[in-house]
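J.: Letter by letter, the chains look like this.
There are 2 protein chains.
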Amino acid sequence: MNALNITISSKLYSKNPDETELGRRILSKSIALMDELGFEQLTFKKVAREMVSTESGVYRYFQNKHQLLTYLINWYWGWLEVKMAQEFMLLNSPQDKLKRAIELLVLPMEQDERIPHIDERVLQRIVVAEYPKIYLTKDVDHENKEGYFLGYKQICETLSQLALQINPNYPYPHSLFATIIEAAQSQQFFAEHLPRLSDSSGSKNEIVRFLTDMTLKSLHH
Amino acid sequence: MNALNITISSKLYSKNPDETELGRRILSKSIALMDELGFEQLTFKKVAREMVSTESGVYRYFQNKHQLLTYLINWYWGWLEVKMAQEFMLLNSPQDKLKRAIELLVLPMEQDERIPHIDERVLQRIVVAEYPKIYLTKDVDHENKEGYFLGYKQICETLSQLALQINPNYPYPHSLFATIIEAAQSQQFFAEHLPRLSDSSGSKNEIVRFLTDMTLKSLHH
DNA sequence: GAAAAACAATAGTAATGCTATCGTTATTGC
DNA sequence: GCAATAACGATAGCATTACTATTGTTTTTC
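Protein chains in written order, with this note's numbering: chain A, 1 to 221; chain B, 1001 to 1221.
No false leads were mixed into what you were given.
Chain A is nowhere near these chain B residues, computed Cβ spacing over 10 Å in every case: (1) L1022; (2) Q1086; (3) P1108; (4) D1112; (5) E1120.
Interface residues of chain B toward chain A, partial, derived using beta-carbon atoms under 10 Å: (6) T1137; (7) S1175; (8) H1193; (9) L1197; (10) D1213.
Rather than coming from a laboratory, the hints here were simulated on the basis of the structure.
These numbers were taken from a predicted model, which means no experiment stands behind them.
Even glycine gets a Cβ: it sits at the ideal position worked out from N, Cα and C.
Construct all of the structure, not just a fragment, from the sequences and the given hints.
T.: Here it is as structure tokens:
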């Protein structure tokens, strides 16, 4: 738990990085480095150098960089969930809530000053660029039991419940929102790097419109 | 080019594996091993051992395992494209063609005896488990210029054209089919490993119905 | 039958992904 | 306030990985 009450499975770290200076420096520097180098080129040695500590220092908090990435991505989903809960209180219709949820998934977010060691905008870029790597692994079943993907599943469940308020007979709410959440990430990536896989080159608002259109039409009876 | 006229960018290999015995053995054994071990655990040394040759033998055909994976996945898209073209000739309405395309994306396919060194069903499993790794890289822009993703873009374009026959005013055909193609893969993965991100635990037909519903509703005006 | 290409075999190298040890410095409990 | 404990920094070590290079042998091609 931290300032924002984001819960992350304790299986996702050896020692909670949120509770110490050194841990928060690991988070801060590994977010910056992962964004710069990408997951494959990141090593704990480089993180250690950047934060002026040692490799073994990082290993005391995370077993390996895969666990670190999983932690960061779960942190992001947890944070998004909190944001959504806040914003939903200001809205009434489930349609409006879904629209707002899609905006939060895609549009860049402002930095939260209460958490200075995590740059949410950079973290969002990491999620876009790396998120499927946390589950596309031979260990997925084991890691799933350990709660590695709770953040993702939780946000999918929340949005599914909203969808059923619009159309209680819609048969695929989880598939729909897993697809929407994934598309929210991959369309951002495609718009930037593989524009022929997208119609929204440039504007993120175009992606929001596409996803909203797809969601509401799917739920229409 | 091979028996089926699948074209793959010559940047995707050092020496065309389709043209020699050794090359085809590399493809055959690396498909089996990648399926068994996963991309991360695969090494050229293991492939060499399996095919009774040497590491340097594999390096003569592919610069590294990332290029090998990209080759395999492009081969798959090319092959699917050929399949679709064949089946479309038997159908008239664009709706029927789209439905059939979605079935081909999801349902297991039969082995093509003309290509004994490639097991299409195993290759399909590899695509489900590994496909985003080929573009989620810091080299994506450079590799894109080299034609690393032509197979994916081509199939997306073909389906987009079909969609516009149904609704010429639909504004997001490429985004739609990039999303459908991705969801076809990820829903198979989720149904097996992360069932709370899917409503189709078990039957692939359920996934087909979900994707068809989403596609046709999206195109509805 | 010569030249060129493909292949097998082996060696070597820098980097990676850890694990282990050990002395020093903080923190905590009593 | 002091002992016990945990955290940290520094360093070493090791098996594996991801290549690159070399050299001799076989096969193909012209």
